[in-house]
Amino acid sequence: MRTISVKAFGTDAPASALHQMQIDRRETTDNDVEIDILYCGVCHSDLHTARNEWRGTVYPNVPGHEIVGRVTKVGPNVSKFKVGDLAAVGCMVDSCRECEQCKKGSEQYCEKGNIQTYNGADKHLNKQTFGGYSERIVVDQDFVLRVPANLDLAAAAPLLCAGVTTWSPLKHWQVGPGQKVGIVGIGGLGHMGVKLAKAMGAHVVVITTSQSKVEDAKRLGADEVILSTDEAQMKAHANTLHFVLDCVSAQHDVNAYLKLLKVDGTLALVGAPEHPLPIAPFSLIPARKNFAGSTIGSIQETQEMLDFCGEHNITSDIELINMQDINEAYERLLKGEVKYRFVIDMQSLKG
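The working numbering applies: residue 1 is where the sequence shown begins, and numbers increase by one.
Simulated from the structure, these hints should not be mistaken for laboratory data.
Careful: at least some of the hints might be erroneous.
[Stated by the list, open to error] Below 20 angstroms or equal to it, Euclidean Cα-Cα: the simulated SDA-like pairs (lysine to any residue) are:
(1) K262 with S283
(2) K7 with D30
(3) K127 with E27
(4) K259 with T240
(5) K339 with K350
(6) K104 with K171
(7) K339 with D307
(8) K235 with R219
(9) K103 with L86
(10) K262 with K339
(11) K198 with R219
Can you build the whole structure from these sequences, using the hints too?
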């Protein structure tokens, strides 16, 4: 297969800094869309993968799965996009398309494993996929999304992961008017959960360990804020929430948040702590509570989320950075020193 060489930023080893490199992209096939990348969000998953913290990273590794850009070329069979269109790519670029989950439109749960935007198995070039820390990307039209033109493009980039990762469980558990919904943790995921749940019509309760985030949670749309370190506040809100979205990736006591649920309530985990989280049986049994998990969302869900954000003018709170500042951004990300998502201006790589 013919390829083209493009600029990218990636790493060659777990302990190595990210640096500029050249990678190969395939020439567009019949069903492909080539996208000139304008902005790429920085997800905590990027850092985990670059440093092989989840194991299994193939090097060289080029992260990035919150991609917004403009179409520069399309294959002859492409009907969904034309040159000049705004387009986006999220966490996956293909799937088997044959299993039960794919056929029902849940590609994120592909039984053979969906093909991740980076560090996945590139079935065209027979090596790992490379992500959005690069000049351009080539993706099958069925895994390319449309971006509402009214949204700020840089601030829309994190919707492709942080947005749909919170949207999918909120939709699945039918969050809406008349429900009290808890959002645990105000970071890249949590701040999007607050915005989306509020726009869906729910009464939003933010649960945080940090007094400094109380006012910001209210700015984002929270109706109430609970300090989880305050035993009296937690006890006062016991058995009051219909649903809790847990966005925390650090080790934490899930049982404390399960106590906030009403009978038949569900806590859905979208954060990814490194170690197992102990669950006390009596956090679930007495009130038929549910402890669940959720990952990203399907292509259809992602497009629905983007359209919803366009209608409600919802984007992420971001800090725009140059590609050359990515290593510093990773260190700040580890310390929680960003409100609430870094986004790379890819012109800094191309220029």
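Would the pair K103 and L86 pass a check requiring their Cα atoms to be no farther apart than 20 angstroms?
-> violated (27 angstroms)
Compare the distance between the alpha carbons of K262 and K339 with 20 angstroms, and conclude whether the hinted pair is satisfied.
-> Not OK: K262 and K339 at ~31 angstroms, beyond 20 angstroms, violated.
Pair hint outcome, K262 versus S283 [Cα-Cα no greater than 20 angstroms] = Within the cut-off at roughly 11 angstroms; holds.
Hint consistency between K198 and R219 [alpha-carbon to alpha-carbon, up to 20 angstroms] = Holds, at about 12 angstroms.
Within 20 angstroms, alpha carbon to alpha carbon, are K259 and T240?
-> holds (9 angstroms)
Given hint D30 paired with K7 - CA-CA distance at most 20 angstroms = Violated. K7 to D30 sits at ~24 angstroms, over the 20 angstroms cutoff.
Does R219 lie within 20 angstroms of K235 when you go C-alpha to C-alpha?
-> violated (25 angstroms)
Given the hint that K104 pairs with K171, test it: the Cα-Cα distance must not exceed 20 angstroms.
-> Holds, because 16 angstroms separates the two Cα atoms, which is no more than 20 angstroms.
For the pair supplied as a hint, K127 and E27, confirm whether the alpha-carbon distance does not exceed 20 angstroms.
-> Status holds; Cα separation ~15 angstroms.
Could you grab the alpha-carbon distance between K339 and D307 and see if it respects the 20 angstroms cut-off?
-> Distance ~24 angstroms between K339 and D307 Cα, so the pair is violated.
Keeping to a limit of 20 angstroms between CA atoms, is the pair of K339 and K350 held or broken?
-> The given pair, whose Cα atoms are some 26 angstroms apart, is violated under the 20 angstroms limit.
Hints 2, 5, 7, 8, 9 and 10 from the earlier list are contradicted by this structure; the remaining hints agree with it.
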